[in-house]
Amino acid sequence: MVKKKGVEERKYRGELMIHFMPYSEIARDDALTRIKKIMGLVLQNKIIILQGRLKSEEEARLIEHTMTLVGNLPGFQGVEIAVLSGETERSMFENVRRNIAKILIGEQDAVTIIGPASVVKEMKRNPKKIELLLKRR
Amino acid sequence: MVMKIITNFARRIFSGMFKKKGEVKLGFYGPPNAGKTSLANRICQDFLGEDLGEVSKMPHETRHVQFKEKVLIEKDGKKIEFKLIDTPGIATKIDFEDFMKFGMNRKKAQERAKEATHGIIESIKWLDDMNAVIIVLDATANPYSQVNITIIGNLVARKIPVLIVGNKIDLRKADIKKIETAFPDYDVIGLSARTGKGMDEFYESLFKLVKRAK
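So the protein lines, in turn, are chains Z and H.
First residue of the first sequence: 1, per the numbering used here; consecutive thereafter.
First residue of the second sequence: 1001, per the numbering used here; consecutive thereafter.
Source of the hints: derived by calculation from the structure; they are not laboratory data.
Possibly wrong hints are sitting among the right ones.
[As the list claims (entries may be wrong)] Cross-link-like lysine to aspartate or glutamate pairs, in silico, EDC-like; alpha carbons within 16 angstroms at most:
| id | chain 1 | residue 1 | chain 2 | residue 2 |
| --- | --- | --- | --- | --- |
| 1 | H | K1159 | Z | E64 |
| 2 | H | K1083 | H | E1069 |
| 3 | H | K1093 | Z | E64 |
| 4 | H | K1125 | Z | E57 |
| 5 | Z | K135 | H | D1095 |
| 6 | H | K1093 | Z | E15 |
| 7 | H | K1083 | H | E1111 |
| 8 | Z | K121 | H | E1097 |
| 9 | Z | K121 | H | D1095 |
[Unchecked claim] With beta-carbon atoms standing in for the labels, derived distance ranges:
| id | chain 1 | residue 1 | chain 2 | residue 2 | range |
| --- | --- | --- | --- | --- | --- |
| 10 | H | E1180 | Z | K121 | 27 to 35 angstroms |
| 11 | Z | G86 | H | E1081 | 17 to 25 angstroms |
| 12 | H | E1074 | Z | I18 | 55 to 63 angstroms |
[Claimed, not checked] So these bits of chain H aren't anywhere near chain Z, every CB distance computed over 12 angstroms:
| id | residue |
| --- | --- |
| 13 | C1044 |
| 14 | E1097 |
| 15 | N1105 |
| 16 | I1151 |
| 17 | V1156 |
| 18 | D1170 |
| 19 | L1171 |
| 20 | G1198 |
Beta carbons: idealized from backbone N, C-alpha and C, even for Gly.
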């Protein structure tokens, strides 16, 4: 099985891989497991589109983890990350409802894009869109 | 193990109880090359007559947290004292080849990149120790970078008061309105640490920020 996976990865080496990660895939994980899952995919040179977003503290830990890898893993330059959240002007009632949902099930009305800096040159974000500039291969 | 937990808990409680009143730790955070050290130097020059650290056009010039104890600011009869903490710029990627573009040889560039990674980790660890934070952004750059949002999110989660500064307003490309639009819930001050433009308004906001931290 492992051999098969290795063959498959070799087959797609040099191709651009986008991994869609539904929030359910990390919903029950603790911060460290979430970060490890994400970084595992980043190290396979995949661009991850995550439904929802990490907590601010998790984002900070992701940066710490990334920097530890940059310092220790030759060739690894870090990550590019951008979050597009569904923050719009809402009524007070809607805000309360949204905050309760955020506590119970996490922030799912957002999209997080994370990619290895060796693949993604830049992520340009403005309030309404994210543009990905990829490196020439 | 249990003893260690109890000892640490007691230390935290007692250090909190006997913490000197008025001892505010004011942190300077932001992305690399936004002008954190330039602003810290400007404050130190204005009130102490000396610099805090070196500045350069090359990113990640500050790779260790640097301090200035007991910075006393007196203006219009008002007085504040704080410990100024200048932190290395936070980034999500570091490519040593970027340093080579500034004429650095490969080995030195790799060393600098490694030090920069340690600096970023150190900056993040220091977030817990701050009483108030000035986020220094480059007013000519896109403010919607995730690093800026992550830093602010972490400060909000820790209930640490924040003041956002848009530096380099002396440059033609500077757009302070863009920063205000990106962070509508925060006070945003435009200034130039290089020319001193906007410093009076900054000091006014600094007084308010330090007051909120007490």
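Taking the hints in turn, this is what the structure says about them:
1. At most 16 angstroms may separate the alpha-carbon atoms for a hinted pair to count; K1159 of chain H and E64 of chain Z exceed this at roughly 21 angstroms.
2. Pair hint K1083 of chain H plus E1069 of chain H holds up; C-alpha atoms about 5 angstroms apart against a cutoff of 16 angstroms.
3. Restraint check: the Cα-Cα separation between K1093 of chain H and E64 of chain Z comes to about 11 angstroms, which is no more than 16 angstroms; the hinted pair holds.
4. As the CA atoms of K1125 of chain H and E57 of chain Z are separated by approximately 11 angstroms, the hinted pair is consistent with the 16 angstroms bound.
5. For the hint pairing K135 of chain Z with D1095 of chain H, the CA-to-CA distance comes to about 14 angstroms; that is within 16 angstroms, so the pair holds.
6. A threshold of 16 angstroms between alpha carbons decides the hint, and for K1093 of chain H with E15 of chain Z the separation of about 22 angstroms lies outside it, so the pair is violated.
7. At most 16 angstroms may separate the alpha-carbon atoms for a hinted pair to count; K1083 of chain H and E1111 of chain H exceed this at roughly 30 angstroms.
8. Under the criterion of a C-alpha separation no larger than 16 angstroms, the hint pairing K121 of chain Z with E1097 of chain H is consistent with the structure, at around 14 angstroms.
9. The straight-line distance between the Cα atoms of K121 of chain Z and D1095 of chain H is roughly 11 angstroms, inside the 16 angstroms bound, and the hint therefore holds.
10. At about 28 angstroms, the beta-carbon gap between E1180 of chain H and K121 of chain Z stays in the expected band of 27 to 35 angstroms.
11. The hint said 17 to 25 angstroms for the Cβ distance between G86 of chain Z and E1081 of chain H, and at roughly 43 angstroms that hint is violated.
12. Checking the proposed 55 to 63 angstroms range against E1074 of chain H and I18 of chain Z shows it holds: the Cβ atoms sit about 57 angstroms from each other.
13. The Cβ of C1044 of chain H sits about 28 angstroms from the closest Cβ of chain Z, beyond the 12 angstroms cut-off, so the non-interface label holds.
14. A beta-carbon of chain Z comes within 12 angstroms of the beta-carbon of E1097 of chain H; the shortest separation is about 9 angstroms.
15. Non-interface call for N1105 of chain H relative to chain Z: holds, since the shortest CB-CB distance, roughly 18 angstroms, exceeds 12 angstroms.
16. Remark: the non-interface label on I1151 of chain H conflicts with the geometry, its nearest Cβ contact in chain Z lying 8 angstroms away (cut-off 12 angstroms).
17. Its closest Cβ contact with chain Z, about 7 angstroms, brings V1156 of chain H to no more than 12 angstroms, contrary to its assignment away from the interface.
18. For D1170 of chain H, the condition that its CB be more than 12 angstroms from all CB atoms of chain Z holds, with the nearest at approximately 25 angstroms.
19. Distance to chain Z confirms L1171 of chain H as a non-interface residue, since its nearest Cβ pair spans about 20 angstroms, more than 12 angstroms.
20. With a minimum CB-CB distance of about 25 angstroms to chain Z, G1198 of chain H clears the 12 angstroms threshold, and the non-interface call stands.
In summary, the structure is inconsistent with hints 1, 6, 7, 11, 14, 16 and 17 from the numbered list given earlier, while agreeing with the others.
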